[in-house]
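K.L.:
Letter by letter, the chains look like this.
Protein chains: 4
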Amino acid sequence: MSNKISKIGVFTSGGDAPGMNAAIRAVVRACTYYKTECVGIMRGYEGMIEGDFEQLDARWVGNILQRGGTVLKSARSKEFRTPEGRLKALGKLRSEGIDSLIAIGGDGTFTGLHKFHQEFGIPSICIPGTIDNDLSGTDYTIGYDTATNTAVEAIDKIRDTALSHNRLFFIEVMGRHSGYIAINSGIAGGAAAIVIPEETMSFEELYKILGEGEETSKKSNLVVVAEGSKIGDAHTLAKKVAERSSYFDIKVTVLGHLQRGGAPTYFDRVLASRMGIAAVEGLLNGKSDVMVGIKDNKIVYNNFDIIMQNHHEIDEESMRIAKILSI
Amino acid sequence: MSNKISKIGVFTSGGDAPGMNAAIRAVVRACTYYKTECVGIMRGYEGMIEGDFEQLDARWVGNILQRGGTVLKSARSKEFRTPEGRLKALGKLRSEGIDSLIAIGGDGTFTGLHKFHQEFGIPSICIPGTIDNDLSGTDYTIGYDTATNTAVEAIDKIRDTALSHNRLFFIEVMGRHSGYIAINSGIAGGAAAIVIPEETMSFEELYKILGEGEETSKKSNLVVVAEGSKIGDAHTLAKKVAERSSYFDIKVTVLGHLQRGGAPTYFDRVLASRMGIAAVEGLLNGKSDVMVGIKDNKIVYNNFDIIMQNHHEIDEESMRIAKILSI
Amino acid sequence: MSNKISKIGVFTSGGDAPGMNAAIRAVVRACTYYKTECVGIMRGYEGMIEGDFEQLDARWVGNILQRGGTVLKSARSKEFRTPEGRLKALGKLRSEGIDSLIAIGGDGTFTGLHKFHQEFGIPSICIPGTIDNDLSGTDYTIGYDTATNTAVEAIDKIRDTALSHNRLFFIEVMGRHSGYIAINSGIAGGAAAIVIPEETMSFEELYKILGEGEETSKKSNLVVVAEGSKIGDAHTLAKKVAERSSYFDIKVTVLGHLQRGGAPTYFDRVLASRMGIAAVEGLLNGKSDVMVGIKDNKIVYNNFDIIMQNHHEIDEESMRIAKILSI
Amino acid sequence: MSNKISKIGVFTSGGDAPGMNAAIRAVVRACTYYKTECVGIMRGYEGMIEGDFEQLDARWVGNILQRGGTVLKSARSKEFRTPEGRLKALGKLRSEGIDSLIAIGGDGTFTGLHKFHQEFGIPSICIPGTIDNDLSGTDYTIGYDTATNTAVEAIDKIRDTALSHNRLFFIEVMGRHSGYIAINSGIAGGAAAIVIPEETMSFEELYKILGEGEETSKKSNLVVVAEGSKIGDAHTLAKKVAERSSYFDIKVTVLGHLQRGGAPTYFDRVLASRMGIAAVEGLLNGKSDVMVGIKDNKIVYNNFDIIMQNHHEIDEESMRIAKILSI
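Just so you know, the protein sequences line up as chains F, W, U and L, in that order.
Numbering follows the UniProt record's numbering, with no gaps: position 240 of the first sequence is 240.
Numbering follows the UniProt record's numbering, with no gaps: position 81 of the second sequence is 81.
Numbering follows the UniProt record's numbering, with no gaps: position 146 of the third sequence is 146.
Numbering follows the UniProt record's numbering, with no gaps: position 255 of the fourth sequence is 255.
Think of the hints as simulated: they come from the structure by calculation, not from any bench.
Among these hints, one or two may not hold up.
Pairs count within a copy or across copies, as identical chains cannot be separated in the list.
To be verified - Listed next, the in silico EDC-like pairs over lysine to aspartate or glutamate satisfying Cα-Cα at most 20 Å (straight line):
id: 1; residue 1: K240; residue 2: E205
id: 2; residue 1: K92; residue 2: E79
id: 3; residue 1: K251; residue 2: E227
id: 4; residue 1: K295; residue 2: E313
id: 5; residue 1: K298; residue 2: E317
id: 6; residue 1: K323; residue 2: E281
id: 7; residue 1: K78; residue 2: D249
id: 8; residue 1: K298; residue 2: E316
id: 9; residue 1: K7; residue 2: D305
id: 10; residue 1: K323; residue 2: E198
id: 11; residue 1: K92; residue 2: E54
id: 12; residue 1: K4; residue 2: D139
id: 13; residue 1: K298; residue 2: D139
id: 14; residue 1: K323; residue 2: D57
Please model the entire structure based on the sequences and the hints provided.
P.N.:
So this is what it looks like as C-alpha cells:
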C-alpha cells in the first residue's frame, strides 16, 4: 500500500494546544526521513477549502519545537460542514497533488476528517492535540501535560496569597466535558476540594467539606473547579457559599486561555514527536481512518468509530487519592 | 535618639505582595546586626490588638527570601479603626515591650499607622509593599516588578493562542487606581492598545485603534486593561466591541490574584532587602512617621503627609512609547 | 496483618529529588486517614542512628507540597553500613516505638533498608525518589519528570544564544548510569546528537553526525551528553571535536545540581502522592521488603531482590525517534 | 539635520543578550512611525562587509518581542578590524543606500563603530545590550535584568538541594569584569558570601566568613562567584576550601551560557523598547557618535569617548547590604 502515499498534507484544527508545533515538526522530519513530500494546510479546513498551502521542509519547521500555539494556525470552518465545502477542499487537495492527510486536533477535527474520508476515501490519520485529555484511545493527548503544569503554577501563586490572608479561593480550570486538568492540578495544588464534570458531588457535599475545614480550624482553602462542573462554575459556587456563610473571605480566579499557551513540557514535546512520526509511518504502512494514540507507553492506532463512541474516563483511583490527601 | 529603640515590632498589612518576606527577613537581620530585638506582629493590626506576637530571629526568617506571600500574614481590622481598638493595641505593644513599629503595606496600612503615631507618638516607619506601584515618594514599591513579570508571562501564553486563531483578547490586569502594571505589561507584551485609569481615552478611540488593525489586516490583537479602567472592565469592553462588529473573535482573560503570588524577582528581593535595612536604620537614627522610598536608586525617607497627598503619576513618556510601538 | 503496624517511621536518603516532600506529605496524610502514627526520621540513616525524630502531622507537612528538596533532609551514613550502626538504629526505633519504615530514595537507600530488614525483620517499604529514573520495577521515579523539564528549560535558553552565534554547544545533564534525562531532554530540546551511557556510539560516529551538519550547512548544533557517557564527558568531547576541526565555535555547559531542585511538576506531585499513599497502604496490608512502583499507570509492589538485579532500560524506540528527528 | 537620515541600518554584535530582539523591533517600529527606511544587517560587522542585508518592516519583527537571542544574529569579525575590511563595509552600505547606523551590543561593538564613525563620518548611535551591566553612561544595559533573574532562579533550585544535604555550594555566574550579576543575584539568593572582580576580599577573609558559619552551626551555605573573581573561579575556590577543611561537603555549579538566553523580563523589554525608539529619534535629531543610556529613569545620550573611558562601578551600598544580610 505504501507506494500510494507521496505527498502528505498536515493541518491543525480546533483549539490550539502546546506541543502542536512539535508534532508538525515531527511530521515534516519523518517525511524527509522517508523521502515523502509534506505540505502544510493553513488554518485547518478553512485553508483546505481556500487552497492555502505551504511547502514544508526541515528549515520551515526550524526552531518551532519549543513554541506554544500552532504555526499552521487554526480556525473554525462552517463551510467544511457542507457537502459543497468538502468538494471544494477535495479539488484543492487534488490540484496540489496531496494524496493523504494528517490532522492534529480534538474530536471536532476528527469528526470532520472521518466524514471526508468516508466520502472520498483519502488516507487519513489523526493526532490527538487538545489540552483536555478527553479522548479515548490514548492515555495522553498533546498539550494536557503542559496545561496541567500551567494550572498548577497558577495555583501555587494563588496559594501564596490565600495563605497570607486565610482566604477561600475558587479556581476554575479548563475542561468542559473532562475533569483531567482539574483533578490532577487539584491533587498537585493541594486543593481542599475538586469539582469535575464526571462526578456527582452535590453542592451540599462540597459545602460540608469546606465546613469541616472550618471546624478543624483549617484556615486556608483552595477549591479547583472544572469549567464543565455540573453544580455551577467557580463564580456560581463562590456566590452560593457566600450566601450560606459569612465565615469565608472568598475570591475567584478563572485561569482561562493562558492554559492553552506557553512552551510545551518535555513530556508533550516527546509525545508530540512520537505521534508525529507514528502518523507518517502509519500512512506509509497503509493505515487510514485511525487516530494515533499512546497506551502504556506504546504507540497504538484506533479506528475513528471507536474513539468517537467512547469517553476518556477518569479512574476512580484519582478521586480516592484526592480524598485521602485533603483530609 | 537611637538609644530609645530597643524592640521593634514588624508587621504586614493590606494585600500581600511578592517580596514582603524578603523585607521581613531584612528587618530581622538588620535588627540582629544592630543588636536590637525584633518581634513579629501576626495578621497586621488584628494581631496587634490580640497580642499575637512572635519573637523573630535569623532562624525564624530562614529560607523565606524566595517565597511569595507573607509569613506574618495579613488581615483587615475594623477594630483598629476605632479609638478603643487602637488603645487595646497600644496596651499589647507595651506589655510586650515593643517601642517602635515597622509596617509593610500600602496606603491603607500607612493611614492606620499615621493615626496611631499621631495619637501615641510611637516611632513608626512604613515600607511600601504593594504590587500596584501607586505610592508617591518612591519610584518602585515591593512586588510591582514581580507582578508585572507575572502579567507578561501570562500575556505571552495568551499570545500563543491569539496568534494561532486570529483572535482579539482583552486581558485584565490589577491596578484599581494605577495603570503601572497595565502600561508596562502592555508595552512588554506587545499590546495593540492599553487602557489605564489615568488616561482619558474614550471607547470610540479604543475602537478606532482596533479598527485600524482590521483595515491593515493585522489579524491578532491583545488589549491590556487595568481593572480600574474608566471606560469599562475587560468583560464590558469585549461586549461593547462585539456589539459593534462581528469581525472579531473576542476572548477575555482576567488575570486576578495570581499576580500577587509567586517567587519575587531579584529586583523585588533586593529592593525589599534595602528597604528593610533602611527602615531599621531609620528608626535607630530617630526618624519617624515616614515612609522609606527609593528615588533614582537611592534610599529616601518621606513624611506620611506628603505621601498621602500625592499620587504616583505615570509619565507621559510611557504612553508615548506605547503609541509608537503599537503602530 | 494490619494490626501490627501502629507507628510508621518515614525518611529520605541519598540525593534529593523534587517531589520528595509531596511523598512525605502523602505518607503523613495517609497515616492520619488510616489512624496510624507517623514519625519523621531526620537526615536518613544518620538520624535513625542518632534518634533524631519528629512527630509528624497534617500541620507539619502543610505547604510543603510544592517545594523542592526534602524537609526531612538527607545525609550519607557510613555508620549504618556497620552492624554496630544498624544495631544502634534498631535501638532508637524501638525506644520511639516505631514498628515499620518507609524510605524515599534510590538504590543505595534500598540496599541499606533491605539489609536492615533481613537482619531484624522490621516491615519496610521503599518509594523510588531519584531524578535519574534508573530503577527497574517502575516506569517513573519521583523527580525525573521535573529534572527533565528543568534540563529542557536550560537547553531552550542555550538554544537562544546558540542560534544567535552559529555555535556548537555540548550540554551535560545528570545520569551517571542512565540516559533517561539525556535522551528525553535531547529529543525535547531538538539536539543534533545525544550521548548516553547505554549506547555504543563511538566518538567517530558522533563526529560524523556533527560533520554531516556542517556539510548540509546546518549552522547550529546542540549535543546533549549524559554525565555517565562512555566516550567522555561534555568538556572532553568538546575538546576532541575542537582538536579535529576549527570549523566549530564550541561552548560547554554542565547543568549540574540545579536539575535536582525547583518546584516539582504536577506529574511528580501526583506520582509522589500516589506512591506515598500506596506505601502506607502496603504496610497496613502486610507487604514488606518491596518497592512501590508504577507500571502502565497502576501501582505495583516489587520485591527488593528483583529491583536490585535489574536495570531500567531505555527502549530502543526512543533512540530511533531521536535519530529520525535530528535528520 | 534630520533630513539627512533616510535609511537606517541596524545590527547586533558581540555576545547576545535577552531583549535585543525587543530593541530591534522598537527600532523598526520607530522607523515606520517616522517614515524612515530600516535595513537589518545580519551577523554584525561580518554581514556588513558581506552586504548581508534584510529589508525590515513591522511584519518582519512580528512576534519576536518575547524571544531571547537576536534574530539579526551576531558574529565576531576579524576583517572589520582592518582598514580594508571597513572600506569594504562602507562600500556595501553605500550600495544599499544606508546612511546611518544603530548598533546593539557591548564595548567591543562600540569601539568598532566609533572607529568607523571617525573614519567615514557616518551618523551612528549605540544601544547598550549586554547582560554584564558593565557600561558607564547608563544605569542598566539590556539583558542584565533577565540574566540576574535567571541566575537567581538557578540559585533557588540549588538552595533546595543545598538545604536538604547541609552542603556548601560555589555558584559561578557571568561577569568577567563586572560583579553586577553576582552581587545582586547573591543578595537575592541569600548567599553567605559574594566574590566579585571589583572587591579586594582575600581568600582568608572568604574562608573566615564560611568558618564563622561553621562556628554558629549555620549548616547551609551558598557562595556566589563572578567569573572575573580575582581570587580564583568557583572550582578553584572550592578546591582551596576543601584543602583547608574536611568539614564542608562542597559542590560547584557554573551557570554559564544559560544566563544569556530566555524570554526577557518586562524590564528588559521596556528598556529595550525605549532605547530603540530613542536611538532612532537621536539619529533623526542629528545626534551621532553617542550611546543611548538610561539615567534615573530618563533617556540620555553620552559621547562614546566618555563611555569608553569609564567603568560602571558597583556602589558600596550594595556591598554593605550584602554584609548585613549574610549575618
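K.L.:
Now look at each hint and say whether the structure bears it out.
P.N.:
Structure-based check of each hint:
Taking the shortest alpha-carbon separations for K240 and E205, only the intra-copy value of 13 Å comes in at or below 20 Å, while the best inter-copy value is 39 Å. For the identical chains of this complex, K92 and E79 are intra-copy neighbours only, at 14 Å inside a copy versus 52 Å across copies, given an alpha-carbon limit of 20 Å. In this assembly of identical chains, the alpha carbons of K251 and E227 lie at most 20 Å apart whether taken from the same copy (16 Å) or from different copies (15 Å). When the C-alpha separation of K295 and E313 is checked against a cutoff of 20 Å, the pair qualifies both within a copy, at 14 Å, and between copies, at 19 Å.
For the homomeric pair K298 and E317, the shortest alpha-carbon distance between copies (9 Å) is at most 20 Å, but the shortest distance inside one copy (22 Å) is not. Taking the shortest Cα distances, K323 and E281 sit within 20 Å of each other only across copies (15 Å), while inside one copy they are farther apart (43 Å). Taking CA atoms no more than 20 Å apart as the test, K78 paired with D249 passes between copies only; the shortest distance there is 15 Å, against 45 Å inside one copy. Proximity of K298 to E316 under the C-alpha cut-off of 20 Å is restricted to the inter-copy arrangement: shortest distance 12 Å between copies versus 23 Å within a copy.
Neither within a single protomer nor between protomers do K7 and D305 lie at most 20 Å apart by alpha-carbon distance, with minima of 26 Å and 53 Å respectively. Proximity of K323 to E198 under the C-alpha cut-off of 20 Å is restricted to the intra-copy arrangement: shortest distance 15 Å within a copy versus 41 Å between copies. Within a single copy, K92 and E54 get their C-alpha atoms as close as 13 Å, which meets the 20 Å cut-off; across copies the closest is 34 Å, which misses it. Proximity of K4 to D139 under the C-alpha cut-off of 20 Å is found in neither arrangement, the shortest distances being 31 Å within a copy and 38 Å between copies.
Taking the closest pair of Cα atoms, K298 and D139 come within 20 Å of each other both inside a single copy (10 Å) and across two copies (12 Å). Within a single copy, K323 and D57 get their C-alpha atoms only as close as 50 Å, which misses the 20 Å cut-off; across copies the closest is 17 Å, which meets it.
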